[in-house]
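**Student:** The residues making up each chain are set out below.
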Amino acid sequence: MNDMRKNIKTPLKLVTAVMLAGLVLVMSCTNEFESLNTNHNAIAKVSTAELPFLFTKALSAAPNSQWNYQVAQNLFADQYAQYFACEATYFGSDRLVINQNWVGAQFNPMYTDVAPQLQSIFASTDENSVEWQVASIWWVYTFHRVTDYWGPIPYFKIGIKDTSVPYDSQDKIYEDFFLRLTNAVNVLKTKTDQTAFTNPVYDIVYGGDVNKWIRFANSLRLRLALRISNVDPARAKTEAEAAVAGGVMATSPADDALVQRSQKGSDGNGLAIMEWNEFRMSASMESVLKGYDDPRMPEYFLPSVKTGDYEGLRNGLTSAQLTDEGGLNSTDYNSHHGPRWSPSDIGGTSDYLATSQNVMCTAESYFLRAEGALKGWAMGGTAKNLYEAGIKNSFLQWGIAADAGAYAASTNVPVAPNDFLNSPPMTNIPVAFGATQTIQEEQIATQKWIAMFPEGVEAWADYRRSHKLKLYPVVNSDNPLITNTSTQWLRRMPFLLSEQQTNKAAVEAAIPLLKGPDNTQTPLWWDKN
Amino acid sequence: MKKRLLKLVMLLWLTGAAAYAQTVVSGKVISAADGAPIPGVSILVKGTSTGTSSDAEGKYSLNVPDAGSNVLVVSFIGFTTQEVAIGGKTLLDISLEEDITQLNEVVVTALGIERSAKTLVYATQSVKTSSLTEVRDANNVLNSLQGKVVNAQINQGSGGPGSGARIVLRGNRSIQGSNNALIVVDGVPINNNSGPPSSNSTNATNDFGSVQSSDGASSINPDDIESMTILRGASAAALYGSQAGNGVIVITTKKGTKENVSVTINSGIQTDTPFQLPDVQNQYGQGSGGQINTATGASWGAKMDGQSFTTVMGDTRSYSPQKNNIRDFFRTGVTLNNSVGVSGGSAKMQTYLSYTNNKTQGIIPHNDLTRHTINLRISNQISEKLSTDAKVTYINQVIENRPRTGEENAPVIDVYQMPRSMSNADAKNYQAPNSLGVQQPTAWPSTLSSIYQNPYWMVNNTSINEHRDRIMGFISAKYKFTSWLNVTGRANLDKTTDLGDVRYQDGTILWTNSGNGGYFGKSTTTATQQWYDLILEGENKLSNDFKLSYHVGGIWQDTRIDFDNGTTQGLQIPNVFSTNFAANPTLTSASTGQRTQSIFGQFSLAFKEGIFLEGSLRTEWDSRLPSPYYLKYPSVGLSGVISDLVTLPNAISFLKANINYAEVGNGGLPQLRTPVWNFSQGAGNGNLARSTTEAIPALSPEIVKSLEFGVDAKFLGDRVGITATYYESKTTHQLLKVSVPIAIGYIDQYINAGQIDNHGLEIVLNGTPIKSEKFTWDVGLNFGMNRNKIVSLAPNSPIFYLGGNAGNGRTATPVVQVGGRYGDLISKKWKQDSEGRHIVDANGLPVGTDDQTYLGNFNPKALLGLTNSFTFGRFSARVLIDGRVGGVILDGTEMNLAFSGISKVTEKHRDDNSWTLGGVNESGTVVEKTITPQQFWSAGSNSTSGQRYGVGEFFAYNATNFRVRELSVGYSIPVPSVFFIKSARISFIARNLFWLYRGSSLLDIPGIGKRKLQIDPDMALGNGNYQGVQYATLPSTRSLGFNVKLTF
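If you read the protein sequences in the order shown, they are chains A and B. If you count by my numbering, then the first sequence holds residues 18 to 546, one letter each, in order. If you count by my numbering, then the second sequence holds residues 41 to 1088, one letter each, in order.
FYI, nobody ran anything at the bench for these hints, they're computed from the structure. Note that the Cβ used here is the ideal one computed from N, Cα and C, for glycine as well. Errors might be hidden in some of the hints.
[Stated by the list, open to error] Covered stretches of chain B (in silico footprint by chain A; criterion: 3 or more residues with CB under 8 Å from a CB of chain A, positions within the stretch not fixed):
| hint | segment |
| --- | --- |
| 1 | 220-234 |
| 2 | 613-627 |
| 3 | 706-716 |
| 4 | 729-739 |
| 5 | 854-867 |
[Unchecked claim] Label-pair ranges, simulated between beta-carbon atoms:
| hint | chain 1 | residue 1 | chain 2 | residue 2 | range |
| --- | --- | --- | --- | --- | --- |
| 6 | B | S475 | A | N402 | 24 to 32 Å |
| 7 | B | K745 | A | K532 | 49 to 57 Å |
| 8 | B | N725 | A | S141 | 39 to 47 Å |
| 9 | B | A387 | A | N48 | 27 to 35 Å |
| 10 | A | N48 | B | V831 | 34 to 42 Å |
| 11 | B | G876 | A | D362 | 29 to 37 Å |
| 12 | B | I1021 | A | S52 | 39 to 47 Å |
| 13 | B | V831 | A | S141 | 39 to 47 Å |
| 14 | B | K672 | A | K532 | 58 to 66 Å |
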């Protein structure tokens, strides 16, 4: 027995020794654990040095690039503005069906890739700084594109730490837009010698030019003023006149807002993704540009591979219509978007991904003023002069050498696209400024539509607001709420399925704000058509 | 402890004592499985104490009293004891059958600890290593376990030779983390990362496409494996703590012997051909609407009657079926395996040295694997008390042209998409130089010209290559304080460097769209794992009845993966693949590291060598967790050998029962506790974006609590054995990505929540129906079933999508939802009214549901493997039949090909105008409209998204299938004892020989009927949790081959 006890004691000592050794080893080393668990290829905490990169990200992300641009914009607004028609048989959105998984790209990145960046800038800079106010202008640009898709959206409580973020009504959101733009211009006017984040490289829209930011802010204010012109005409007039008085974009291309793109990141030009061969020129564009003998056509589109001519497709063709008809509706027979967004092997440019992306053009501000002038607002010119200046600036923007004056005086009218549906011309108005207000309104809307190409998000919003542009009826609707495409068109996007899942209470509370059912046919607050 | 237990005691009875003249009987004892000599075999004259044992060469010589009537009792650990009648012979060779269920065997358990099987409180299963080296799987040794391990579901990744595989034991339990069993070699987990060899190569998370890269297990050389044990349950694996949750495959590699030098040469050649290709129609050619049209890639054209037509390339051809254009695209794969192993040594020092050369030619043209494995093991007995052991394994592996699979522009989908009237000869004109002399794709008809391309362009002008250098090894020293107490220290390194490159020539659709001159990517992935442990091992007799054995120790484990990747969209000089020519070079780096530090203790208390109580506790400090970083992982178990404790009927020769409980962990990911901002190159000076997943400061590993109950029994003198195990496991603290309201600034957030339960039954049966001197027939049966239940998930998040994608798979989506089971597939279905009648639209075409709803579950209800082995003199044969019952698989390939009029199913009703579905409209009225197959398959079912991604239900199949998995017929060539070759064995082998049964489509479409499964459910797009959907997955292969094994 003694032996036995001894036999046990010895190992117990050893066990204790090994355990202790192990413990010492283990406990002494956990101080490296935090460093081991840190991602050294990323930034853990942003400070002043990182803010400019957040600023660039916000500028880059708000207009969407590449994949997000396709699913957010090409597949919806660009088709509903009839810049392009969908060539692929597997997308239903050209037949007015909303795929919730795609359209989320017009919503989600704004809250994850723009708002946190801009809010970090708001939190870390002085409200009277260039940085704060330029960020604030961009905030308005970002979220007006969101609210104009859906109406009520989460806005005032963005970024709160909560399980639900409330939706706000569109009129309140517009109220804040005007407030922000007014404040921004007031502050920036006193700081025109400064550059946001002191280095122009971070400002991938205006290269740090505060004067241009002021003109952009005023132009945006003018755009938004026209947007509410049917729901609150008095306020619209006040805002529009103040914007014009403060100085809107006036000279193309210097004042044009474009966001720089690159080939080395994932921030390539959004329209370049159309290289996937899924979109072609719309019949509307073909009818109008061909009819007007518009010199911008070769900038906007490439000739058809098969015919050598510019060929467009009606929006809303069925799979059968796209595949049959002797192939006339297939990709090779119709016009690809223009050379600056296309690779060199099909007649484009080698660095087409790095083509700067359109944000807002100077011509638009002239057309907005022309429309205001028709309403009798003080827009610093007559409707006709402003209309023609809009055309001229659009020519300048696209580097068109042709005489804009001659074009503006032209009596050409849109032509029939000679398609398998025997479509008539899209409309019958000439370019030369007409005699009646009805014609003038349509002309301003039509020329603005041409000039804003390819910015479909704004073009679709403007179409819904003014409804002066006479786009073709969509050929087929797969949307059960739209049974007559001559009298019905899409009014908004239904609230996102993902929001109904993750932010249910807020979405339910937002439905009454719509003053109608949550579907594609309830007009937004500013849509009085 | 370290010695193999030799149990020789046989109770004998004397049959007679008459003295006869003694005869010398001699011969050789060999293993029936591989013909190798077995040293140390006990050979006893039955009924006497006269006996001997075989020498190093398996030879024996024995004085026998009566060679006419005496019987020899031949026994050896790990082999079935045999009685051999001498029958007057003086030269008697004996071939012994391995006995894998023998309970006296020693089992290698967690951390490499060897235990007597009898004392274990949990289920284990050994795999015959000869079955891994004879019939080989060209891609991954894990695939060879198919049918051999009870309740193991194995899916083969779609990456060709060297592809990662997925092996799940006892059901899936993790949504975000891995469900793959832990692979342990010589006591230490290997790095089994399936990381990408380049940014262009990731594991599948959806049906669009991906490249399945190599995993760590695929570089294990089966020729160096000495034994393989499967620890299915948490209790058996508990000493691995946070890595134990999915069970463990314990691999022990070969060591040198103390005997004379022996050399083993194993050479095999094997050919691989596609086992199952999609069924295609051969009546209608390229075109649309019944007309020839070469602008489309679809085969909705005219009936092919040899009429003359002009191809899209401008050639005049006869419009005729190209019946074998798919099969002829694939080549016959050839696998060559050559290994030489040298083993030998003295009592002081033993060495094992091996070299293995594997050359595998995949079935996709130009896809090749070459692997060299050098292995050196040296074991030293330095003094009576001190011994050392050291091993180094170096692996060099080159994989060229690893195929992409899935729907994206990749060879498999591209070849399936060839019009039925397109010949391979025409397709081979895939390129022509442009004005600058740069090769460009020639015109190619495709249903989706922005994605699909000529398959010959893809295999000739694009490549994904992988060059792996891996070094694995350890040094260990063991010191024996006394006969009952020793300590072992071990240092282990596993370091893999993968160099990957990706090349797409200028003009490759999808991959070079955004850059002229081509795409090039080059990456380096270095995975390093260091492991150090110290284990004290002891055994004490506490009294006559009680014996205690125990292990205590500490483990330090550090794993690090560094990834550097350079890519360029565009090459300044076209198709010169070097970063020197990069038009838009982009460099990225990523690295993760984790460290665990653990102390553990384990004891086993034996009472009367019949009742065993066991417990263990591991405390683990883990760098991934929040301070104070540690968690405890306990296990406890009890077993009783009833047959040793009470008297049982004679028929029951052995009976044991055991029960155990354990709590272990599963993973936990590094770098999740703090939020980060990621930099991206771009306009300006680049930009910073915040991670869209909110961090989880209080991260916990997933916890697996497991209860297991088992019975082992043997009957009729061990002729029949059965092991039955029932288990339950509850996995809690699932690491989940929960969607959050996006306006807070994040898309999702990690949380630990939820509970997934698994329970199941496993039965392993072994029997020897016939056993005679000349002929032996052994049967082994594995039967396993697992049932899964999702008890809870996160609050407000009732559904999660497997594979990490955001859901809404375009064919079907594998999900996890409360009340359902892991791996439920949801998809769009053919809409029905309240009476269950199918709804059609005004044109008579099916109406799909708006949402994806439950379709089935991708897991089998039961898994079976049946091995029959026969020994007839020098011949032996083994047949493995295995299969699964239940489960659903979505055939996305058929969906895609039906859209294009290529699938066989699209052939029906092309020429009749009488096909109606007989469905009702939304208001319940029967619609009698006739439809065409083109309408039905390519536009009718869900016009909003098209049939490329259409209504999944039409393409869902019952995945039940049985097949002849392995067949081997071997012959041991008699070699004269004076010859320098000691044994020689040749075998003919076959794998995936033929189907015995295949499941059918779920839907019985009116006018179409049910179709048989036309894909192999074993294949998977990737080895992650995204399972149950195939989409132009690489076909599995049928192998035929020869193997020669020589021992010198």
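**Student:** A separate judgement is required for each hint: does it hold in the structure or not?
**Tutor:** Each hint tested on the structure:
1. 220-234: As far as the segment 220-234 of chain B goes, the hint is violated, because 0 residues have Cβ atoms under 8 Å from chain A.
2. 613-627: Answer holds; 4 residues pass the 8 Å Cβ test.
3. 706-716: holds (count 6)
4. 729-739: holds (count 4)
5. 854-867: Violated - the segment 854-867 of chain B has 0 residues with a Cβ nearer than 8 Å to chain A, which falls short of three.
6. B:S475 / A:N402: 24 to 32 Å: At 50 Å between Cβs, range violated.
7. B:K745 / A:K532: 49 to 57 Å: At roughly 54 Å between Cβ atoms, K532 (chain A) and K745 (chain B) fall inside 49 to 57 Å, so the hint holds.
8. B:N725 / A:S141: 39 to 47 Å: Distance hint for N725 (chain B), S141 (chain A) is violated at roughly 18 Å.
9. B:A387 / A:N48: 27 to 35 Å: violated (47 Å)
10. A:N48 / B:V831: 34 to 42 Å: Holds, at about 39 Å.
11. B:G876 / A:D362: 29 to 37 Å: violated (54 Å)
12. B:I1021 / A:S52: 39 to 47 Å: violated (59 Å)
13. B:V831 / A:S141: 39 to 47 Å: holds (45 Å)
14. B:K672 / A:K532: 58 to 66 Å: holds (59 Å)
Checked against the numbered hints above, the structure violates hints 1, 5, 6, 8, 9, 11 and 12; every other hint is satisfied.
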